[in-house]
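Here the structure of chain A is known, so what remains is to put chain B in place on it, guided by the hints.
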Amino acid sequence: MSLLYALGIESTAHTFACSIVSDDGKILVDERVRFTPEKGKGIHPREAANFFVENASKVVENAIKKSSISPDEISLVAFAQGPGLGPCLRVGATIARTLSLSLNVPIIGVHHGIAHIEIGKLLTGMHDPLTVIVSGGHTCIVAHNAGRYRIYGETLDITLGNLFDVFVRELDLSRKIPACKMGSIVEELAKNGGTMVEELPYIVKGNDVSYSGLLTRAIEIAREGKYSIEDICFSLQEIAFSMLCEVTERALTQLRKKEVLLTGGVCANKRLQEMMRDMVSIHNVKIAVVPSEYSADNAAMIAWTGILAYKAGVKMDIEDTFIKPRWRLDEVDTPWVSNISGSRSGNL
Amino acid sequence: MKLIHLGSVISVGAEAVIYKGYFIDREAVIKKRVRKKYRNPLLDKRIRLLRTRREAIILVRARSIGVPVPILYYLDLSDYTIVMEHIDGELLREIVDEIHDEKLSKLSEQLGKFIGLLHGNKIVHGDLTTSNVMLKDDEGLYLIDFGLGNITYDIEEYATEIHLFKRALKASHPDKFNTIFKSFIRGYRSTYPKADSVLERASTIELRGRYIEKNRRRK
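Just so you know, the sequences run in chain order A and B.
When the letters of the first sequence are read in order and numbered with our numbering, they come out as residues 1 to 348.
When the letters of the second sequence are read in order and numbered with our numbering, they come out as residues 1001 to 1219.
Extracted from the complex, chain A is given alone in its bound form (with noise of 0.2 Å):
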């Protein structure tokens, strides 16, 4: 039988990506560009969406010819529908559209969160796990039952890449440590602290963290200059991470799930890798984390995902391709998996 492939469009946030995936699971290509905003600022949503205007078809373009396969092979166009910034995703959309018309072939809209649980599901051979989705966009624990990934914890505000980023931001870390990248900041200055700021709080309500609190305490403290900024970002780690391992050890007991995967950019910080690995070493669980390259934004998700969905039998018109900017994981019908665990131990 002959291999079907999806082109996927990834374009939520801060990267505009091109893949070619094959529905036997090989990542032909990922071709990325990123937009690096100034120093010191976050992502400007039309400066985002204009950059990827200018790069979008070289890309796409790339993408194809480092494929080794000709247009016509490809069977399905794949982009990220939401959720995310809208100018993004609106570049990416229009793209997508253009591609599925020209090439006569379908259109699929996919859940940017839900495409990092499935690229890490592939990568990990993982099948039913309990995923934490880490990342600037994200920060929710989400399992899957009764025919959709539901949320099973989350952050009542601000995510956890979100609480990193502000912090840094506010403080103007990054001239500390030029070379660092914006991401692994507070990870590096945290290395060279080691005492516990106790006035920081830590929010845990039921299954669900609140981060800001933590951030404007973290930043009155710093402000205050009692403690030296690497104790505080030391502190700032070992509280959020803490919040999140407590809650994904909750769902984890109460789900009784066997595996548990780690995913979006922040987790690629080893700290947070290292306690998720001491949390569940006394449940008898197993852990994985998705490599970098693939927990960071990509488009081989997007396909991948696209794949999973077209051939369960998801179809959508042109007309269903309007982005989704806010769209919860939870909002999506999944009929690709199939329902192992059953819907009962899927109750909390």
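One should not assume that every hint holds.
[Stated by the list, open to error] Simulated pairs of lysine-lysine, DSS-like, Cα-Cα distance not exceeding 25 Å: (1) Lys1103/B with Lys1122/B; (2) Lys1045/B with Lys226/A; (3) Lys1037/B with Lys258/A; (4) Lys1182/B with Lys286/A.
Hints were generated in silico from the structure; no laboratory data involved.
Same frame as chain A, now just chain B:
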């Protein structure tokens, strides 16, 4: 004489190890908050102490206002241990799919009444899910596991409880959500006069979360 006989482990939760044993000569549940390897030792002690103390206080208070919870037998803060009555019943989680809607609705209303009573007396359960509600055959519902409970005047905390309960129901019992939640709210309103302002706040908490479509319409 030995006061506490640990007996056997009945569950290893995220928070504590639970034993079923004896307190003097009575059947009892022993809840020990154990050290978490992943957690910084200082933080670890702080959390275990705070939660053990709070849970004990809440168990006593809840009982005194007529909410069925296990009787507190013994507290050992130095070992982060609580000893309490053993409730011989079934978890609501396990039976939701088996009982008729009519009965489920009645039980949910009863649960709402209890939560209304708690909130009216400044107590939040902190982890309200169907895993923390037990049904004892002839005596009705019991609330268990106040490990994340709090005593507070802050309406935000009551509202968070309602919001999280709603979310947990949607994740765990999507098919029964309407039956349970509607009746729950009916019960909640009947015992708690300020229910409406709490429910209103609960919807603003929902809007604060990530990726909520209603956000856009509000702007």
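These are the hints, each one checked on the structure:
1. Pair hint Lys1103/B plus Lys1122/B does not hold up; C-alpha atoms about 29 Å apart against a cutoff of 25 Å.
2. Restraint check for Lys1045/B and Lys226/A: the C-alpha separation of about 23 Å stays at or below 25 Å, so the hint holds.
3. Between Lys1037/B and Lys258/A the alpha-carbon distance is near 20 Å, which keeps this suggested pair within the 25 Å criterion.
4. A C-alpha spacing of about 39 Å is found between Lys1182/B and Lys286/A, which places the hinted pair above 25 Å, so the restraint is violated.
The structure fails hints 1, 4 (numbered hints given earlier, in ascending order).
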